[in-house]
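*Asks:* The residues making up each chain are set out below.
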Amino acid sequence: MDHLFILGCSLILIGAVFAVLVKPIQLALRIYVGVMSAGLLFNLAFALVNLVHLPATPLLFPAFPVLSSFFRLDGLALFFLLIITSAAIPAILSTHSYLNQYLHKAAAVRAFLVSFSLVLLSTQLLVLANHAIVFLIFWELMTLMAYLGLLLEKEKPEIQKGSFIYFATTHFATFCLYIFFFLLHSQSGSWLFSDFQLTQTSGMVFYVAFFFGFVGFAIKAGFMPFHFWLPHAHSIAPTVLSAFLSAVIIKTGIYGIFRMLEFCSPLPLWIGAGILAISLFSAIFGVWYALAQHDIKKLLAYHSIENIGIIGIGIGLGCLGMTYSIQPLIWLGLGGALFHTFNHAIFKSLLFLGSGVIYSNLHTRNIELMGGIVKSAPWFVGLFLIGSVAISGLPPLNGFMSEFLIYRGFFESASIFGGYFPFFMLLMTVGLAFVGGLALACFTKINSIMFLGNERSPHLKFTVTGLDYLSLGLLAFVCLLFGIYPQIILGIISSVVAIFQSGESAQTFSTFAQWNFITGIFAAIILLISTLIIWKVSRTNQRKSAAWGCGYAGQTSRMQYTASSYADDINGIAVSVLHLKSKVKIPETIFPVTSRFHSHAGDFSEDGLVKPIYSWIIGKITSVDFLSRTDIRFYILFMLLTVLFYGGTAILWTYL
Amino acid sequence: MDLSVSLQGLFPFVLILLVSPFLVGLINKQKAILTGRIGAPVWQPYYDLARLSRKETIYATSASFISRIAPVISFSAILFTLLILPIGYVRPLFSFNGDIIVFAYLLGLARFFQILGAMDIGSSFEGMGAAREATFAVFAEPIFFFTLGSLAFISGHTSIYDIYHSIQLDEPSALVFIIVSSISGFILLVTECSRMPIDDPNTHLELTMIHEVMILDNSGIDLFLYQYGSYIKIMVYAVFEASFFNPFSMANEWLGFSVFIVVIFLLTTVIAWVETMIARFKMKSIPQYLLFATAIGILNLLIYTFVR
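Going down the list, the protein sequences come from chains A and B. When we follow our numbering, the leftmost residue of the first sequence carries the number -8, and every step to the right adds one. When we follow our numbering, the leftmost residue of the second sequence carries the number 17, and every step to the right adds one.
Treat the hints as calculated values from the structure; they're not laboratory data. No residue lacks a Cβ here, since even glycine has one placed at the ideal position from N, Cα and C. Be aware that one or more of the hints could be misleading.
List of simulated lysine to any residue pairs, SDA-like, C-alpha gap at most 25 Å [unchecked claim]:
#1 B:K300 to A:S555
#2 A:K452 to B:E228
#3 B:K71 to A:F202
#4 A:K147 to A:S351
#5 B:K71 to A:G540
#6 A:K535 to B:R67
#7 B:K300 to A:D559
#8 B:K71 to A:V528
#9 A:K145 to A:L353
#10 B:K71 to A:T531
#11 A:K527 to B:F81
#12 B:K300 to A:K452
#13 A:K527 to B:L68
#14 A:K527 to B:R67
#15 A:K527 to B:R84
#16 B:K298 to A:G540
#17 A:K96 to A:V8
#18 B:K300 to A:L571
#19 A:K366 to B:S235
#20 A:K535 to B:E228
#21 B:K298 to A:S556
#22 B:K300 to A:F588
Label pairs and their calculated CB-CB ranges [claimed, not checked]:
#23 A:I525 to B:L307: 36 to 46 Å
#24 A:I525 to B:I49: 54 to 64 Å
#25 B:W270 to A:A515: 32 to 42 Å
#26 A:A515 to B:F281: 31 to 41 Å
#27 A:S586 to B:L31: 38 to 48 Å
#28 B:L31 to A:A268: 45 to 55 Å
Start from the sequences and build out the full structure, keeping to the hints where you can.
*Replies:* Okay, here's the thing in structure tokens:
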């Protein structure tokens, strides 16, 4: 079985080689897509087979003990491998048509392809790593290669700015992780994940390590208030990469948090409560910020923050379960979080790749300039709509199913713990319902402004290639399949969650709901809908006429509701919290002249937290900047002193 | 689940499908009487529906396939909420752990497609209605979880049928609970079914409406589905409200049945009375009104957490 994985990984590397060596860029792209999707399929098969029959010895290559200690195949690693490969295949398929618009810059495209394949490879190896150093190496590789991938159009200033923010922020995250792993190493004396132990009895080290580990992983995952890099990086990345960034790379942060929970047992109560609070905060404000955006990719990036929040709520519930070792709660919380991680990877890929198709046709990301796409590409809009319904958490699609598990977790924990728990869990439930309402508002907004009504800027034709349809169709199919019949994946998740459950009382998913009942209802709904549609289409008495306009028939696209006006009612409630700014210039003359409206959505974390800290640090650094400009000898002295400081700290650390 | 139980659940479902237009007729009749008119007969909604089903369907030239599927999806989702909701003390056709969440989210699905169907026309009228619907829905969903959800947390059940059956009359706090829930349930009904003082179903000025303006360009069978769906929705919320008085039916089935009927009738009277006495609120103040309902919902839980 391991040979399959080796084959898959080597095919991914070979894809990168082909992308460099094959002369005609068009051909190189085709070969790249073919080879890469074959390699990813092998890895997907590897993950699936191993997940269904979890290996007794969780080691990769048991024949080679040297290698096998670096990698391990436990349920969690394999589940994330499944997520990575199933989100990567559609992204690779869409690469072909998306990069067609950049083919005149062959070198940049080749560089992008190489870095993209290395991102894919390092992400897969990162989740399988069992050795902290190996983990960090692949973590760095993933981060750096994603950074290089961001630079496809590096001549644009906004891309330079956004990619720098990504680069700086993720390196701060890596810095935190270095401290985290070194502290873990000093505690356990081993570099292997399977040996790591972090208990509260170790005193201060526990808090420091937990803090740095959580901050490092939370920056990657995009929990608020560490999310500020996400909207910048996602909106400027080439869309196939932003799909992968949002669907998978931020999930490596979630993977890290899961691993952390494994190290820290027994878990104190405040961890679960803290994660719940920060996650609810991320979920509510992520979606609220999303509502204010006009840039489709920025909007989707804020939705990633919302979904990371929902995943975090599941993790928090699972932590509460682990603290008191209540098996059903562990299952519902962590299982719901894992399921939502998978689902988010699927529907977010669908939405991002869809936005890539729109970008390659209309060359804009501003949704206020779109509209009327449904008339030229109804099937494409239908697929995008499936993703939107799924991400809003509505039945009968997969987003609902994972939120359903998390809701069940709220009810379960309230009835188990009693006391004040029902009160807090009710607040969580209402919070999640509120998030659902905001997500509904947001996705009705983007679907209607982007696709429906009349065209705001004329587009001649809207082409969606066969490969695009294939990749979007696959993703939409998975959304539908796991919405109606989640039993397939819930079985797998049960075996993954068993890692966190103690011993024989491991739960199976069938105890929590009558799943077949739900499947039946959802299938019946779809059946009813399709029957009614067929019946309605077959009716003959219908015709077309102009839309109602109080007797005015000359409606133009400029009279349509815009995204800003649609969201104005909701955003008006929280203007000050959200840092929304709008400038209205209404002329005070009798006769109408030009008036202006401009709105801008800031970010409280960026404006209020990161920028002040950043400028403070910059101020301090510039105060010693004269060293580098005056005399070279001073500068060398300065560097020596720095090295001495670090070396001295290291020596003191070792001997004290 | 054996056949007789499912038949028992099917009977009220069919009954409600038949009765729900009558409920709206009842509201309209009472409203007419209160304003000193004779008004349309109580059967008028049935005539309307029959007329709509015969008429031809006109689609706006700017409309796409979304307008064609949206009424169907919205109607089907509402129909299935009715299958989950227990009617009186009868077990519904579908009752399972967690159906309270499915109930809330099916209504969300209905709303999602109704909004899309409205926005499909590309007219500002529909846009205005859709934006308002989306905004008020954000505040209406918490109310649902604060009323029925708080009861779920107290009782430890997650199936609506079990939740209603867990209300015990012998506890004094239950009476307080019934009153408080009825108030926030009423506000929820008013919001979700677009009645006064949130929305005016009778106004003919497009700029002031929510629900009516969203279906401005629908006609024929589409309008039939939307209207019938909204009638069913009112009935769903009326049943939702009346079921809080479930404890009476545990003492005596006939007492419970008559209480159920009386509560629903009283509800129509209250709606009619409110629509006669109160003008529609300013759009800006509606969120505050809904937050007020949310605040009473919190009261529910405080009562239960601290009184018991």
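*Asks:* Now, for every hint given, state plainly whether the structure supports it.
*Replies:* Now for the hints, and whether the structure bears them out:
1. A threshold of 25 Å between alpha carbons decides the hint, and for K300 (chain B) with S555 (chain A) the separation of about 17 Å falls inside it, so the pair holds.
2. At roughly 35 Å between alpha-carbon atoms, K452 (chain A) and E228 (chain B) are farther apart than 25 Å, so this suggested pair is violated.
3. For the hint linking K71 (chain B) to F202 (chain A), the alpha-carbon distance of about 67 Å lies beyond 25 Å, and the restraint is violated.
4. A threshold of 25 Å between alpha carbons decides the hint, and for K147 (chain A) with S351 (chain A) the separation of about 17 Å falls inside it, so the pair holds.
5. Among the hinted pairs, K71 (chain B) with G540 (chain A) is consistent with the structure: their alpha-carbon atoms are about 21 Å apart, no more than 25 Å.
6. This hinted pair checks out: K535 (chain A) and R67 (chain B) have alpha carbons roughly 20 Å apart, not beyond 25 Å.
7. Between K300 (chain B) and D559 (chain A) the CA atoms are separated by roughly 11 Å; this keeps the pair inside 25 Å, and the hint holds.
8. A C-alpha spacing of about 15 Å is found between K71 (chain B) and V528 (chain A), which places the hinted pair at or below 25 Å, so the restraint holds.
9. Simply put, K145 (chain A) and L353 (chain A) have alpha-carbon atoms about 21 Å apart, close enough for the 25 Å limit, and the pair holds.
10. Proximity of K71 (chain B) to T531 (chain A) is assessed by CA-CA distance (about 11 Å); at most 25 Å being required, the pair is judged to hold.
11. A hinted pair counts as satisfied when its Cα atoms are at most 25 Å apart, and K527 (chain A) with F81 (chain B) qualifies at roughly 12 Å.
12. Of the pairs offered as hints, the one joining K300 (chain B) and K452 (chain A) is violated, with about 41 Å between alpha carbons and a cut-off of 25 Å exceeded.
13. With a C-alpha separation of about 14 Å, the suggested pair K527 (chain A) and L68 (chain B) falls inside the 25 Å cut-off, and the hint holds.
14. With a C-alpha separation of about 17 Å, the suggested pair K527 (chain A) and R67 (chain B) falls inside the 25 Å cut-off, and the hint holds.
15. With a C-alpha separation of about 8 Å, the suggested pair K527 (chain A) and R84 (chain B) falls inside the 25 Å cut-off, and the hint holds.
16. A hinted pair counts as satisfied when its Cα atoms are at most 25 Å apart, and K298 (chain B) with G540 (chain A) qualifies at roughly 24 Å.
17. As the CA atoms of K96 (chain A) and V8 (chain A) are separated by approximately 18 Å, the hinted pair is consistent with the 25 Å bound.
18. Taken as a hint, the K300 (chain B) and L571 (chain A) pair is honoured in the structure, with Cα atoms around 18 Å apart against an allowance of 25 Å.
19. This hinted pair checks out: K366 (chain A) and S235 (chain B) have alpha carbons roughly 21 Å apart, not beyond 25 Å.
20. Taking the CA atoms of K535 (chain A) and E228 (chain B), the gap is about 21 Å. The hint holds against a cut of 25 Å.
21. The straight-line distance between the Cα atoms of K298 (chain B) and S556 (chain A) is roughly 18 Å, inside the 25 Å bound, and the hint therefore holds.
22. Using a Cα cut-off of 25 Å, the hinted pair K300 (chain B) and F588 (chain A) holds, with the two alpha carbons roughly 21 Å apart.
23. Evaluation of the 36 to 46 Å hint for I525 (chain A) and L307 (chain B) yields a pass: the beta carbon distance comes to about 43 Å.
24. The hinted window of 54 to 64 Å between I525 (chain A) and I49 (chain B) is violated, with their beta carbons roughly 44 Å apart.
25. At roughly 34 Å, the beta-carbon separation of W270 (chain B) and A515 (chain A) lies within the given 32 to 42 Å, and the hint holds.
26. Between A515 (chain A) and F281 (chain B) the Cβ separation comes to about 32 Å, which falls inside the hinted range of 31 to 41 Å.
27. In this structure the supplied range 38 to 48 Å is violated for S586 (chain A) paired with L31 (chain B), their Cβ-Cβ distance being about 57 Å.
28. Between L31 (chain B) and A268 (chain A) the beta carbons are some 46 Å apart, a value that agrees with the proposed interval 45 to 55 Å.
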